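Asks: So the chains spell out like this:
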Amino acid sequence: MIELVWLIPLFPAIGFLFNGLIGRWFNLDKRIVSWVACAALGLSFLFSILVFFALLKIAPEARDAVPDKVLFDWIVSGDLKTVIGYKVDPLSIIMALVVSGVSFFIHIYSVGYMHDDPGVTRYFAFLNLFVFMMLTLVLANNFLLMFVGWEGVGLCSYLLIGFWFDRDAPANAGKKAFVVNRVGDFGFLLAMFLIFAHLGTLEFNGVFAGAHSLDVVTVTLITLLLFVGATGKSAQIPLYVWLPDAMEGPTPVSSLIHAATMVTSGVYMIARCNILYSMAPVSMAVVAIFGAATAIFAASMGLLQFDIKRVLAYSTISQLGYMFLAVGVGAFSAGIFHLMTHAFFKGLLFLGAGSVMHAMSGELDMRKMGGIWKRIPITFWTFLLATLAIAGIPGFAGFFSKDEILWQTFNSGHRYLWLIGAAAAGMTAFYMFRLVFVTFFGRCRASEEVQHHIHESPPVMTVPLIVLACLSVIGGYVGIPHILGGRNIFHEFLQPVLGGHPEATGHATFSLVKPAFASEGAAMGNGINMELLLMGASVAIALIGIGIAFYLYIRKPEVPKRLGERFKTLYTIVFNKYYVDEIYDACFVKSTKRLGTFFWREFDDGVIDRSVNMVAKLMLWLGGVLRRIQTGRVQGYALGIILGAVVIIIFLMR
Amino acid sequence: MNLMGFPILTAVTFFPLAGGILLLFIPKAQEEFLKRVALIISLVEFVISLPLFIYFNEGVAGMQFVERIPWIPEWGVNYIIGIDGISLLLVLLTTFLTVLCILSSWRSVERMVKEYMVAFLILETGMIGVLVALDLILFYVFWEVTLIPMYLIIGVWGGPRRIYAAIKFFLYTMAGSVLMLVAILALYFLHGKATGEYTFDLLKLYQSAFPINTQYLMFAAFAVAFAIKVPMFPFHTWLPDAHVEAPTAGSVILAGVLLKLGTYGFIRFAIPLFPLAAFKAVPIISVLALIGIIYGALVSMMQTDLKKLVAFSSVSHLGFVMLGMFAFNVQGVQGSIYQMINHGVSTGALFLIVGMVYERRHTRMIADFGGLAKVMPAFATFFMVVTLSSIALPGTNGFVGEFLILLGAFKANPVYGVFGATGVILAAAYMLWMFQRVMFGEVTHEENRTLKDLNLREIVILVPIIIMIVWMGVFPKFFFKKMELSVQNFLYGIKARYTESVTIPRLGEGESIVVEEGVGDEGTGTEGQHMMEKE
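Chains as they are written, first to last, in our numbering: chain D, 1 to 654; chain Y, 1 to 535.
Hints in this document: simulated from the structure, not taken from any laboratory. Computed from a predicted model, the values in this text were never measured in an experiment. All C-beta atoms in this analysis are idealised placements derived from N, C-alpha and C, irrespective of residue type, glycine included. Watch out, some of these pointers could steer you wrong.
[As the list claims (entries may be wrong)] Pulled from the structure, derived: some chain Y residues nowhere near chain D, Cβ distances all over 10 Å:
#1 Val47
#2 Gly59
#3 Leu203
#4 Val287
#5 Gln334
#6 Glu447
[Said to hold, decoys possible] Straight-line Cα separation of at most 27 Å, DSS-like style, residue types lysine-lysine; simulated pairs:
#7 Y:Lys482 - D:Lys81
#8 Y:Lys495 - Y:Lys477
#9 D:Lys577 - D:Lys561
#10 Y:Lys35 - Y:Lys452
#11 Y:Lys482 - Y:Lys204
#12 Y:Lys374 - D:Lys30
#13 D:Lys69 - D:Lys81
#14 D:Lys69 - Y:Lys481
#15 D:Lys374 - D:Lys556
#16 D:Lys69 - Y:Lys477
#17 D:Lys69 - D:Lys57
#18 Y:Lys481 - Y:Lys495
#19 D:Lys368 - D:Lys561
#20 D:Lys81 - Y:Lys477
#21 Y:Lys495 - Y:Lys280
#22 D:Lys368 - D:Lys577
#23 Y:Lys35 - D:Lys30
#24 Y:Lys193 - Y:Lys280
#25 D:Lys556 - D:Lys368
#26 Y:Lys481 - D:Lys81
#27 Y:Lys495 - D:Lys81
#28 Y:Lys193 - Y:Lys204
#29 Y:Lys114 - Y:Lys28
#30 Y:Lys495 - Y:Lys204
With the sequences and hints as input, model every part of the structure.
Replies: Structure, rendered in structure tokens:
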């Protein structure tokens, strides 16, 4: 069964080719197109499940040693040999399950959401292509094939962000996403070159087996460069700027690509390279610090936005920061765990936002909503469940994963990072409930026209909401911490790839970085009580956040405005997202363009081409001068001949 | 000697010329018929070039399909032609692109169709001749032969400033080739003096090892000639002018093949003839290549004319080719050769695409477009795929070439690799920005609202290109295995002689090398063996 892993990405590829070629050429009926796309994903999901169960049958310690499924040689040049090959191990199959599963439901949702769009064939072709690329990324058995998926998902992101290309904003946003991602990919490329130059292979098995021969500087450089790639794809500081703009794409795309799957590939990549990262404590610290910084920075930007999707976008960036914090402190499986639960609840939040838009005639500004919870009950209740999950309310999926990250951070001795994480968690609870309160409660501020049309979405959209809502509730129970009497089967399953149990690895890895803190952390009395205490603290912080949101947006809705006026400068800066886009535009975009213009006008035309033409002119001038010798007077020529003869004679007689 | 006793390489080389002569007998007025005959000739030419690929023995490192006929024996000038894995792919690229070029000229060439087609077919013979010639005089003749038809194609069927562009193209290239001619003669005399054998036979000249100062001079002369053709920064300014003024097919063949004659010249002549000087020139060439990559991309970004944009992007892409070649390792050189083919396919396609939109709108200014994707969806799809190939997206041909080049460059010198890789970012920026301004957004010009989507002829032109883009991107091994040994042989040869000319500066000293197990079947002639054992 496991050998059939290549079928998992194959089905969406077939779906893409069918819809992209036959569907578009023959203008097939959109029902055929939609259901072909969904069926492709259904089969892909089915095979992921089958392979998963096949893997479960293997003894746990052998699960990371399943032979790679190699299809054919790809680039072969000298000592470089790369293949199209797939790797099945607990990590890749978890990713494949999440990707194909969530994609499947989002495809179904899209059937309803994109129903009236004339470009539906193109949409489903791109969406299938995306899933193919994403599955290639997670199942690849070597860095180069992973890079194919890596850039491939970037391409699909570009195509789907700019899906409504006849408007400027989506077209700009798509291009921005691609170019910013390319900056990250530059790092990824260089990392591959370094790996190949030192280890002579790009295959995961070979690289990780030979990693111990690398010196610390090289491995640090490699891991930092890979992290540059991750900051692009996973929207971390400093390359996060494309993700908020990416919300210009259709909402299911935001849900699938820009929340549930593609943006998490950086986390996956680092987890995949956990052996390399464990050897590079400096890189680990960098990852953790950037993760924590992104978590709080993005959360703060989410506090004041009014566009539902933008709030969710900043929230995504922030949550991805948590995942990087997790892998940065060595809690790789906690990072993957949060990746999974986040895929459920954030995917759901976006789909819910899409459903709200559907009800509100395409409106995105929450100031023009309100009081609609009774009108769209399924959307509301599922949205609420997802919000509870992301806010970290005990019992919901996000609680288990986020809390584990915070605990691992603290336990590994990073108390400041814990503090940042906890503060960001409070902000998360606040802005998410602000979103819920302003959107669904209070007085309805939409126009009569819009209010009249408010309606619940059709079942094809609500069923995926319900499924994801269930997963947002129960998804966390695969990773119940020991302290709450659970077994944490999620970690046990990933253990062959990601190393020992998190409690153990966390220490082992981090004793390299800050041994003092680590031992201190452990020495801070009874570790178990500490864990419970922190759990209580983070729940309390979340509740405080919710409480503030409740006070500001339900009890005293006039207060936020007054606060905004009181702290006008701060408000303006945060509301304008710290002007990062403007700064980048001035520093990178404008200066590059200026340089290009300078090179073209001043240097190319002004110096190089002018000198070329000067040579030509010089020849003309010379010709003009020499022409005067050709006078046509015979006496002159005769004189010349005589002089010449004399010179020759003198020369010969010398 | 050759394929089952048939001089296939001569046939491939001269068939277009014969076809061109045949066209002369068709009355000028029968334009449709002329076009059809020209198309059939180019198609037949493509078909007869395929056996070269099929019967090419990938187990042999040296020259294959070799033919050798004395031409001017008293001067040591011979008609020697042959191909190895390096020229094989370029020959096929030439025959492939010529078909598409003739098809693309169907509507765009309105006057003097007969002369145009004849010029094109002669050009094809010239280009293939350059790629197969193994005698320096023969090579030089073909090299100059390519100039004249191209000069006419730009100068007669070109745009408003065609005369300026044509003369600039001609004189610029000519200035380089004259230097090269001097170097060829110097090579002839020096080799003759040293060995007593006066010959222009390239394979024999490969074995000479000159003192370093002589090598410098001669390498410089060859390098300038080829660098102008490539074109390398700062010899590139003829290119935008030539491209802008040339008719579509002229641009396609110029970018697709003629520029490759420059890079091919380096790999076939300048480097193996003067390996020591080539090694010493690595920093200069690499830095110029890097400047070309970055500078070309930046200037390309700001262009307002589509053809100029593509022309400057060629400067950038050819920078990659040179960077990889001078990495002097397997990945770099293979990537470099592959990139030559890639650039021919995808930049050729870009010029075709610009031509298609030009035929509809009679403008190439980016500002005159916008929103075309809505009006011409099929066109948009093709354009997108070609754009992606040009920015080296994995899965397309461009990625394979650029990845190997950068990997090779990185292995040779990490700094080169790092700077080269910035070209990957810039390429995405200038191509996607251009694509966005042309294809996306609202239709702002009324004339664009009624543009017709691609017709069948245009789709027939573009489909083979798309197939090549994907095929070469997904199954590169199919092509790589043909050039593998030739590239290893190339590297082995220059490296062996590099050390040799340092330690034993004597002439004609050779040592045998064994390059894998060469199977000497009928595909291998004595020349093949000769090449294999040339060191």
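Asks: Look at each hint and say if it fits the structure.
Replies: Hints, one by one, checked against the model:
{"no.": "1", "hint": "Val47", "verdict": "holds (27 Å)"}
{"no.": "2", "hint": "Gly59", "verdict": "holds (16 Å)"}
{"no.": "3", "hint": "Leu203", "verdict": "holds (25 Å)"}
{"no.": "4", "hint": "Val287", "verdict": "holds (16 Å)"}
{"no.": "5", "hint": "Gln334", "verdict": "violated (5 Å)"}
{"no.": "6", "hint": "Glu447", "verdict": "holds (17 Å)"}
{"no.": "7", "hint": "Y:Lys482 - D:Lys81", "verdict": "holds (16 Å)"}
{"no.": "8", "hint": "Y:Lys495 - Y:Lys477", "verdict": "holds (25 Å)"}
{"no.": "9", "hint": "D:Lys577 - D:Lys561", "verdict": "holds (18 Å)"}
{"no.": "10", "hint": "Y:Lys35 - Y:Lys452", "verdict": "holds (24 Å)"}
{"no.": "11", "hint": "Y:Lys482 - Y:Lys204", "verdict": "holds (24 Å)"}
{"no.": "12", "hint": "Y:Lys374 - D:Lys30", "verdict": "holds (19 Å)"}
{"no.": "13", "hint": "D:Lys69 - D:Lys81", "verdict": "holds (15 Å)"}
{"no.": "14", "hint": "D:Lys69 - Y:Lys481", "verdict": "holds (23 Å)"}
{"no.": "15", "hint": "D:Lys374 - D:Lys556", "verdict": "holds (22 Å)"}
{"no.": "16", "hint": "D:Lys69 - Y:Lys477", "verdict": "holds (19 Å)"}
{"no.": "17", "hint": "D:Lys69 - D:Lys57", "verdict": "holds (18 Å)"}
{"no.": "18", "hint": "Y:Lys481 - Y:Lys495", "verdict": "holds (22 Å)"}
{"no.": "19", "hint": "D:Lys368 - D:Lys561", "verdict": "holds (16 Å)"}
{"no.": "20", "hint": "D:Lys81 - Y:Lys477", "verdict": "holds (10 Å)"}
{"no.": "21", "hint": "Y:Lys495 - Y:Lys280", "verdict": "holds (12 Å)"}
{"no.": "22", "hint": "D:Lys368 - D:Lys577", "verdict": "holds (22 Å)"}
{"no.": "23", "hint": "Y:Lys35 - D:Lys30", "verdict": "violated (42 Å)"}
{"no.": "24", "hint": "Y:Lys193 - Y:Lys280", "verdict": "holds (26 Å)"}
{"no.": "25", "hint": "D:Lys556 - D:Lys368", "verdict": "holds (18 Å)"}
{"no.": "26", "hint": "Y:Lys481 - D:Lys81", "verdict": "holds (13 Å)"}
{"no.": "27", "hint": "Y:Lys495 - D:Lys81", "verdict": "holds (23 Å)"}
{"no.": "28", "hint": "Y:Lys193 - Y:Lys204", "verdict": "holds (14 Å)"}
{"no.": "29", "hint": "Y:Lys114 - Y:Lys28", "verdict": "holds (6 Å)"}
{"no.": "30", "hint": "Y:Lys495 - Y:Lys204", "verdict": "holds (17 Å)"}
Going down the numbered hints, you'll see the structure goes against 5 and 23, while the others check out.
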